[in-house]
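The listed protein sequences correspond, in order, to chains A and B.
When the first sequence is numbered by the working numbering, its final residue is 799 and no position is left out of the sequence of numbers.
When the second sequence is numbered by the working numbering, its final residue is 161 and no position is left out of the sequence of numbers.
By construction, these hints were calculated from the structure, which means they are not laboratory data.
Even for Gly, the Cβ is constructed at its ideal location relative to N, Cα and C.
Be a bit skeptical, because a hint or two may be false.
Claimed, not checked - Calculated cross-link-like contacts (lysine-lysine; reagent style BS3-like; alpha-carbon spacing at most 30 Å):
id, chain 1, residue 1, chain 2, residue 2
1, A, Lys606, A, Lys571
2, A, Lys606, A, Lys581
3, A, Lys95, A, Lys109
4, A, Lys13, A, Lys661
5, B, Lys157, A, Lys41
6, B, Lys157, A, Lys661
To be verified - Some, not all, of what chain A presents toward chain B, calculated at C-beta under 7 Å:
id, residue
7, Gln683
8, Leu695
9, Ala709
10, Ala712
11, Asp713
12, Ile722
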Amino acid sequence: MSQVDASVELRPKLVGARVKRTEDPRLLSGNGRYVDDMTPKGTLHVALRRSDQPHAMIRAIDLGDVFDVPGVVAVFDATDLEGDLTPAIPTSKMKNYYATPIWPLARGKVRYVGEPVVAVVAESRYAAEDALEHITIDYEPLPFAIRQVDAVAPDAPLLHEEAGTNVIISREFQRGEVDEVFAQAPVTVRARFRMTRKTAVAMETRSYLAEWDRRKRALTLHSSTNIPGIIRDVLSGCLDLPGNRMRVVAPDVGGSFGGKGSLYHEELLVCVLARRLDRPVKFVSDRLEDLTATSQAFDELMDAELAVDEEGRLLGLRADVIGDIGAYSIYPWTGALEPVQVVSFLPGPYRMAAYHGRIRGVLTPKPPTGPYRGVGRPASTFAMERLIDMAARKLGLDPAEMRRRNLVNAEEFPYRTGSGIIWDRSAFQECLQAACDCADYPALLRERDEARNQGRWVGIGFASYAELTGIGSRIAVAPGMPINTGIETAKITIDATGAVTADFGISSHGQGLETTLAQVIADELGCRMEDIEVRHGDSALVPMGTGTYASRSAVLAGGAATKSSHVVKAKVLKAAAHLMKVPVEDLEASQGIVRSRSSNRSLNFKEIAHAVYAQMGRIPHDQREDLVAMESYDPYFGTACSSTHLAMVEIDPETYGVTVKRFVVAEDCGRIINPMIVDGQVQGAVAQGIGAALLEEVVHDDDGQCVTASLADYLVPVASVIPTIGIVHVEAELPGTIGGFRGMGEGGTIGAPAAIANAVSDALSPLGIEIDTLPVTPDRIFRLVEAARAANPTERTTA
Amino acid sequence: MTTAKREISVIVNGLRHSVLVEPRMLLSDMLRQELGLTGTHVGCEHGVCGACTILLNGRSARSCLTLAVQADNAEIETVEGQGTIEDLGRAQRAFRDHHGLQCGFCTPGFIMTITDILRNHAPSSDDEIREALSGNICRCTGYEHIVDAVRELVREKEARP
Numbered sequence: 001m002s003q004v005d006a007s008v009e010l011r012p013k014l015v016g017a018r019v020k021r022t023e024d025p026r027l028l029s030g031n032g033r034y035v036d037d038m039t040p041k042g043t044l045h046v047a048l049r050r051s052d053q054p055h056a057m058i059r060a061i062d063l064g065d066v067f068d069v070p071g072v073v074a075v076f077d078a079t080d081l082e083g084d085l086t087p088a089i090p091t092s093k094m095k096n097y098y099a100t101p102i103w104p105l106a107r108g109k110v111r112y113v114g115e116p117v118v119a120v121v122a123e124s125r126y127a128a129e130d131a132l133e134h135i136t137i138d139y140e141p142l143p144f145a146i147r148q149v150d151a152v153a154p155d156a157p158l159l160h161e162e163a164g165t166n167v168i169i170s171r172e173f174q175r176g177e178v179d180e181v182f183a184q185a186p187v188t189v190r191a192r193f194r195m196t197r198k199t200a201v202a203m204e205t206r207s208y209l210a211e212w213d214r215r216k217r218a219l220t221l222h223s224s225t226n227i228p229g230i231i232r233d234v235l236s237g238c239l240d241l242p243g244n245r246m247r248v249v250a251p252d253v254g255g256s257f258g259g260k261g262s263l264y265h266e267e268l269l270v271c272v273l274a275r276r277l278d279r280p281v282k283f284v285s286d287r288l289e290d291l292t293a294t295s296q297a298f299d300e301l302m303d304a305e306l307a308v309d310e311e312g313r314l315l316g317l318r319a320d321v322i323g324d325i326g327a328y329s330i331y332p333w334t335g336a337l338e339p340v341q342v343v344s345f346l347p348g349p350y351r352m353a354a355y356h357g358r359i360r361g362v363l364t365p366k367p368p369t370g371p372y373r374g375v376g377r378p379a380s381t382f383a384m385e386r387l388i389d390m391a392a393r394k395l396g397l398d399p400a401e402m403r404r405r406n407l408v409n410a411e412e413f414p415y416r417t418g419s420g421i422i423w424d425r426s427a428f429q430e431c432l433q434a435a436c437d438c439a440d441y442p443a444l445l446r447e448r449d450e451a452r453n454q455g456r457w458v459g460i461g462f463a464s465y466a467e468l469t470g471i472g473s474r475i476a477v478a479p480g481m482p483i484n485t486g487i488e489t490a491k492i493t494i495d496a497t498g499a500v501t502a503d504f505g506i507s508s509h510g511q512g513l514e515t516t517l518a519q520v521i522a523d524e525l526g527c528r529m530e531d532i533e534v535r536h537g538d539s540a541l542v543p544m545g546t547g548t549y550a551s552r553s554a555v556l557a558g559g560a561a562t563k564s565s566h567v568v569k570a571k572v573l574k575a576a577a578h579l580m581k582v583p584v585e586d587l588e589a590s591q592g593i594v595r596s597r598s599s600n601r602s603l604n605f606k607e608i609a610h611a612v613y614a615q616m617g618r619i620p621h622d623q624r625e626d627l628v629a630m631e632s633y634d635p636y637f638g639t640a641c642s643s644t645h646l647a648m649v650e651i652d653p654e655t656y657g658v659t660v661k662r663f664v665v666a667e668d669c670g671r672i673i674n675p676m677i678v679d680g681q682v683q684g685a686v687a688q689g690i691g692a693a694l695l696e697e698v699v700h701d702d703d704g705q706c707v708t709a710s711l712a713d714y715l716v717p718v719a720s721v722i723p724t725i726g727i728v729h730v731e732a733e734l735p736g737t738i739g740g741f742r743g744m745g746e747g748g749t750i751g752a753p754a755a756i757a758n759a760v761s762d763a764l765s766p767l768g769i770e771i772d773t774l775p776v777t778p779d780r781i782f783r784l785v786e787a788a789r790a791a792n793p794t795e796r797t798t799a
Numbered sequence: 001m002t003t004a005k006r007e008i009s010v011i012v013n014g015l016r017h018s019v020l021v022e023p024r025m026l027l028s029d030m031l032r033q034e035l036g037l038t039g040t041h042v043g044c045e046h047g048v049c050g051a052c053t054i055l056l057n058g059r060s061a062r063s064c065l066t067l068a069v070q071a072d073n074a075e076i077e078t079v080e081g082q083g084t085i086e087d088l089g090r091a092q093r094a095f096r097d098h099h100g101l102q103c104g105f106c107t108p109g110f111i112m113t114i115t116d117i118l119r120n121h122a123p124s125s126d127d128e129i130r131e132a133l134s135g136n137i138c139r140c141t142g143y144e145h146i147v148d149a150v151r152e153l154v155r156e157k158e159a160r161p
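Here chain B stands alone, though its shape is the one from the complex (with noise of 0.2 Å):
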């Protein structure tokens, strides 16, 4: 198996990186151990818990089922490019005012399917929203308090013209 590494420049969060790595490395891991961005978590490594999207050039995307060399040039966004403690994102507000999290491990990985839903998509009812929340998986919430908080961001959006 070919191992050498390869260097690869990618735009993470707006920051520009070089980063070497093999051409077998997942992208989530390379996020998590040759970035330190940590924020992304990665909960099965066969796509279908969601604790690990991203957004790849604005779309979103398993990060533990991209290679690291495929996101070459690409633009990525990670949870950590929404906020900060002191000031999180309007998404994660939402998360925080409606409980829509517990042990907040899946969390990162549903602000970005959701950042995408809100930016890409129009889901109106609540049967939409589910039916778009259900790439994600949290096993802590039973998803309503996550579904409130995504209603309001919905709702907000509609509202404005």
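Here chain A stands alone, though its shape is the one from the complex (with noise of 0.2 Å):
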């Protein structure tokens, strides 16, 4: 960086202050560096034939004249790539779990309109995409249950036949008797809750580019993923290449939000061609291809009953939930991810003895789902806040104060959860109170009245959730998956010139990592920030890295960084003591420079690091040490990260379209690096919610055909639908982790889905009408609103 800002001379700690970002001057000019901003001399392009049918027989596949394509140069079938590779297995040690092998191109039969079948290989993407109409596939339709209420039956035409059925993922969770709670339970609730299929839509679609250096016998995959380790471990495996010779780079990568975190076909093909055909080799989907065929999220239809007693305290949850995992389990996370994290956490931020929760998660037709920002939580949440506020409705009870009788309280911590989870040290009252302060909830609840009374359709929402972040190796981000996704190595280098080189195995794609962590460094060592530069994304900068996912980052690799800063340092300090010959005890460093308390004498890093390098005889040769080192980070159990969102919405009474008029975002991520990051964390997050709870849906008709494959077909919120977003920052007893961070980069997409859907429930409460689908688009609620004047005719339809 060669401009100095002054907010980050004048602090004397950087964690904690508004710095400016690093990645910034690069993006903004245009000289970002995606994948598809690199096309080596010689680049070859991939265009992909991709199924039309959701379940059918490959009986044979015609080239025609595709060769009389000007351009193109090979085509390939799965039957050409058989001896090429292994498949990647995503293995489970879940009982019942049945593994569907990934392979580049479909085998013998498709499974989802958008699976690769034939990839045409040519001189441009232009001509590679010419030559796709030149190829027939012969297909022989098979059966297919699109839905999943279709497939879990018994009967329903399997998808896989080796797994003997559709359903291969099948956990429960049980705490006390519950049934004998809801037999007895004075008031309950329930309802068929349904969180439809959403995407990621990352604004750069996924992109791939290989390279086989035939000298080295070594691959490169230049990936758009936020996870390069994980899919340098599989490749390794799938494509027989020590760890020395493959290698995967992920660039300056265009959001993710979990669609580039899984393994894709594409990445496996890449590399096979670029191998066999000893050239570059690119793939770049386009949107439509990143709408059918990038994994997919949620889809969890979630029956679901709460029982409360007379003063609205929990008593029991049930719920039977089937997650539509799509054709595939994905890699490394396996289908089980969304849908086990919905019965995981759907007991909330509560107290509450008895639960039962069960989970199928079903093979369907369709794309695989994945992890998607939120994972599993934004479903439960969105199932249980809703549950929460019919209970309060049917006591007559304020919602807040509802909440505020059943969140687990600061002395009760340690908390068990009725599935297991542990809560500890998070600060679940005081969020609520701090959300129902900053919003002014008495006025607001005027402001909703005086609208009533107007005859217009106004509601207020909650939703209180907390979620497992930053993660250490006791716990599996997905359940039985072998990966330990727990650690995270810094690598930290002062070189010759002094300059601070810091490597990690996490994998920034839009959270600010390279300066988030260079403000940790900054202060852990005593070096200035400007002399740091952080590398991230790249397989081979540090043994195993797993990558930027479930908001590990800020806490796994901070923690890292902080351990490696410390051990650095130590050697600094060592070495200016011999320079200076003064005890070390008597030296600080701080902005890259060592003083010695006791004199006036100090030394910079860059002197430090002359004499330690360069110059013979300056430290006494069997005291010198490299200023380097690597230490890993593993928390073990993690944090917690809580929140309540509140948000206060309008239907137009004409078009039944919603208007978000305020929103309030209270949450505790623990001790902030950025204030200025964390709030577009949060902003950002809390859009993606408000696209889900009003406008996101992947639709697949009866013949399994993806109906929303533009973007004006699965709309994303654009800046006119989303309103200023409050934030207040509360800050609860410290977790233990190092540093005190809590990750936080998916709570707005957990919290915001949940409370719009109570407030849109709030605002048709005069009809009696309660929100059980998501989004609540215009043509739901008109049907809603229809249903409820037919049933009550003579019932007021405003108040």
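Both chains are given apart, each in its own frame, so use the hints to dock them into the complex.
Next comes the structure, spelled out in structure tokens:
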């Protein structure tokens, strides 16, 4: 960084400061380097012929006159690649699980519309796409069950015959005698909730470029992934290349939100083709492919029932959930990631003795589901928070008071939920209170009631939730997954010029980790921020790094950075003590300068590094150490992040469109490294939550076709639909992690759908409408209002 | 289909280029692949997301919905013309100051849309600013920091005599 920000220079401590991002100048000036910005000489381009059938045998593939198209180099189907690799297997220790193998191209049959079948390799993408239309695939259609309720039936057509069933994931959690609790409960509420299928829609579509180095017999995959280390490890196995000849680099990556956090067919494909053709091979997905063949999300059908006493205290919860996981179990998370989290987190941040949750993950002919911001918890929070409001309404209790009576109190920590999650040191009650204070809840209620008296549909909704973030090795991110996601490594080097290089296994793709990790290092090592180069997103940097996902990077990489900084700092001080001939205890390091407290002497890092590396005899030869450290950090249990969201909405009685008028987030994310970046994460996640609540839905019709395959059909929020979001940071007792950081990147997407569903239900409460399906589109609201009016023609339809 | 290449002449960020292109080549592809100006990003290729926004003869345009041959003799401005890493342009600086970007992929399109807004339109209220930005999708920021940046630019412009 050539220019020094005043904000950097003036601050004694950088952690906690609004430091401007070091990533920004390159990204703002058009100098970002995303995968598609790289086109090495001789690059070949891939276009894919994808399945237009949801479930069919591939009888024959006729290439026609495809080679008459100028620029076409080669064409491949699955049979051509059999000997080039072994498939990736998303294994798990879960009982009753079947791991569907992942190949580059469909073998023998297709299982969803959009699955890649034939790859055309050409001198340009234009030529490759021209060639696609010359190919004819002869399919024999097979029966299929496109809806999850049909796919779980014992006689449903099987998608993977080898599995013997479509239900490849099943799990139950039980605590207490839940049926007895319900039999005796004074008040119960129940509903069948549906959180429909979503997709991440990162603005950069998935992009891959593989280069084969014939001299070293080594492969480099440039991938728009957020898990380069995991991808390196699996490709190493599939392609039989050791890790020192298989490298995965994620350069600048244009967002992921989870959609780029799994292994894809096309990553295997470009690697195999580059090695086979001895040319760089690139595949860049277009938006249609992104909307039909990138991992999708949620798609949960949740029958849930809550029992409460007369005072609104929660007695028990039972739920039967069917998660539609699509056609394959995704690598490495498996299809269990999303649905199992739904039942794990369903009891929420509440005190409750009895719980029974059952989940079945079922195969359907749709794209696989995988991680998407919030994973499982947007659905579980939607169902649980709706039940809380439904119970409150039945009891005539204020929804804030209902939550106050049931949220786990500080003195009850650590608290074990009915599913076995342990909540500790988290500001559950404080966040609820802070949200009410920030929004001026009593005034908001008056405003709503006045509007209601005028006949307007205005409503207020809460959502309180807690999530596990920065998870250590005690808990697998996905159940039974054999990869350790609980460790991160930082390698910090001061070279002979005094420059600091910090290498990580994480992979920033918008989070600003180049900035925040440099803030941590500058404080802990005592160097200047502008002297630090943070490197990440490259499997060659550290022995193992799994990437950036699951709200882990600030906690795990921040902890590893702190540990490594301390080791390097000790080495710097020891060298300086020799050079300055003072005891090491007399020295302190700050801003890249080591000072002696007892004298006026000082040396900067550059002088010390030069003495250590370049000058003979300055430091006793048996005392000299390289200024390097590589430490890893495992928080073991990890942390919790909790929050209450409060939304006020108004529904237009003419268009049935929902406007979010007010939105407040009170959250506890521990010690904040950079408030500007934290606010940006909250705002972005809430916007995605608002999208999930009001707009976004992947729709497959009864023929298995995706009918939301453009951005004119799959609607994501634009600036005019997102309100200003009020944010309150609440800090409870800090977690036991190094630095006291908590992960917080996903929470907005967890709370917002539930808060808006509750607000819309409140707005329509004069009609007795309870929202059970998201998104609440104008079409759905219209149908609900029509049905309510038909059921009760004399009821006033506005207050 | 005729794919015979045609020579066109364009001025991009003040520099004249003669380029041989197929008639069907998109302007976005020409900028990225023929001229190496990869700051212009392609997000949807159907005109919805706005990532590919450039200025064509001074007005914002979707370069993914424009053929390169349509830009023959035109003057084009892209994000690369707005500033450099060492010396960011005014809108780029406002984005940095307000944390108006995260992954940075949609950002060049926003910068060009905002350049057009500031030159040719006069949004004043936050609602008008949000409306003016609603042809560009950002999936990271939730827009608030972008609106903050544009508000500052608008106020600055309003303050000028």
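Honestly, which of those hints from before does the structure not fit?
-> 4, 5, 8, 9 and 11
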